[in-house]
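Going line by line, the protein sequences match chains A and V. Per our numbering, residue 79 is the first one in the first sequence, and the count goes up by one each step. Per our numbering, residue 194 is the first one in the second sequence, and the count goes up by one each step.
Keep in mind that the hints are not guaranteed to be accurate.
Which residues of chain A face chain V? A partial, calculated answer using Cβ under 8 Å [to be verified]:
id : residue
1  : A107
2  : Y110
3  : G119
4  : K120
5  : G121
6  : P122
7  : Q159
8  : D162
9  : F167
10 : S171
11 : R179
12 : L180
13 : F182
Bear in mind the hints are in silico, worked out from the structure with no lab data behind them. Virtual Cβ for every residue (Gly too), placed ideally from N, Cα, C.
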Amino acid sequence: QQQVKQSPQSLIVQKGGIPIINCAYENTAFDYFPWYQQFPGKGPALLIAIRPDVSEKKEGRFTISFNKSAKQFSLHIMDSQPGDSATYFCAASGRETSGSRLTFGEGTQLTVNP
Amino acid sequence: GAVVSQHPSRVICKSGTSVKIECRSLDFQATTMFWYRQFPKQSLMLMATSNEGSKATYEQGVEKDKFLINHASLTLSTLTVTSAHPEDSSFYICSALTGKYYGYTFGSGTRLTVV
Chain A
79 QQQVKQSPQS
89 LIVQKGGIPI
99 INCAYENTAF
109 DYFPWYQQFP
119 GKGPALLIAI
129 RPDVSEKKEG
139 RFTISFNKSA
149 KQFSLHIMDS
159 QPGDSATYFC
169 AASGRETSGS
179 RLTFGEGTQL
189 TVNP
Chain V
194 GAVVSQHPSR
204 VICKSGTSVK
214 IECRSLDFQA
224 TTMFWYRQFP
234 KQSLMLMATS
244 NEGSKATYEQ
254 GVEKDKFLIN
264 HASLTLSTLT
274 VTSAHPEDSS
284 FYICSALTGK
294 YYGYTFGSGT
304 RLTVV
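With the rest of the complex left out, here is chain V (with noise of 0.2 Å):
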């Protein structure tokens, strides 16, 4: 089936700088990817979505200067969380839209620390 690779599964950074986070899709080709933002014991939240070769259309309240998304190519997605600060700590969760409407993907996620 499909696999999305979502890349780093941790990461800790510090207080101030940047941190990108890859979502790959493996043998197909992703035209939508979605990232979520997951605190603990909660919900994932939906925070941006990107089509290939467009702009990402960001959730209400979703700072999109500072959670920059690149979907330049239909099989990679980036996820660049900008001058990171301590509540930015999250797990981070890309999904890729595998059918016309339906069929979702998700990646491993990824662990972000900021100290």
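Chain A on its own, in the form it takes in the complex (with noise of 0.2 Å):
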């Protein structure tokens, strides 16, 4: 019950198109989904995260899709760049999960060529 599936393992795009990284879990205790941008040798980098009240977020050019009574959530990078080549994890929280630790997706690793 504490897992957050994560999809694609890899994903490759061309400059200005629009990867959709994709995250399922199963604990309804779970209220918090960050998702982190990790660069090689870095520590990850909160991007964006989003509560269960909402059903999207945007911020600049990620935005979350949420969908509560399927227990999925999306990142989109709009207009991506050579530059958000990265590893990409989506987690999930929650004040009822044991010291609000976080749980992990498996990780995507976005190449966006030029």
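Mind assembling these two chains? They're in different frames, but the hints should get you there.
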């Protein structure tokens, strides 16, 4: 019940394309869903996060879509750039989960070709 | 925003020695700190959760005598890898809880290589 399933494992798009990364969860106690971007040799950095009371959130070129009934959420990157090439992780947490720990998805390696 | 400073960024040590990794919260008090381990092309694996002034809570399968965590102050948490072996070589990352329930700021990570 603590798992967060992420797909695809890797993704290649052309510059300007809109990569979409999907995540699904089981634990209905989760109520915080962040996305992180990680470059090689660096720690993860928060991109955007959503709570389950909204179905969509936009911050700049990044959009989260959230489907509470399906227990799924996704990240869309508009007008992708080569500098967006990185590993992206979805995650989930909740005040009811032990110690507010984050449960991470498996990660998606995104490559944006020039 | 909240910043967590993690040092060193890279360390190479000989097998059998101990290595200490420090994480400091800058401009905020970190009552809860998380320590992760990440292998190449894999996700972050939670090793332990530490609360200031309390003993750390370790995840199943993580040897608490090998990975010593100290969270003696609200701005400093340390992870000491004792008697390191080549299989302990990995990327170690700390994260501080910045809100009461949510908000996580990650350190920049430490690449540990045991030779």
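Going down the list of hints, with the structure as the test:
1. A107: Cβ of A107 (chain A) sits 12 Å from chain V, so the hint is violated.
2. Y110: holds (5 Å)
3. G119: Holds, because the Cβ-Cβ distance from G119 (chain A) to chain V comes to roughly 7 Å (cut-off 8 Å).
4. K120: Constraint on K120 (chain A) satisfied, holds at 6 Å.
5. G121: Since chain V brings a Cβ to about 4 Å from G121 (chain A), closer than 8 Å, the hint holds.
6. P122: Hint on P122 (chain A): holds, closest Cβ of chain V at ~5 Å, below 8 Å.
7. Q159: The hint is violated - Q159 (chain A) has no Cβ within 8 Å of chain V, the shortest such distance being about 23 Å.
8. D162: violated (18 Å)
9. F167: holds (6 Å)
10. S171: holds (6 Å)
11. R179: Given a least distance of 6 Å, the restraint on R179 (chain A) holds.
12. L180: holds (6 Å)
13. F182: holds (5 Å)
The structure does not agree with the numbered hints 1, 7, 8 stated previously, though it agrees with the rest.
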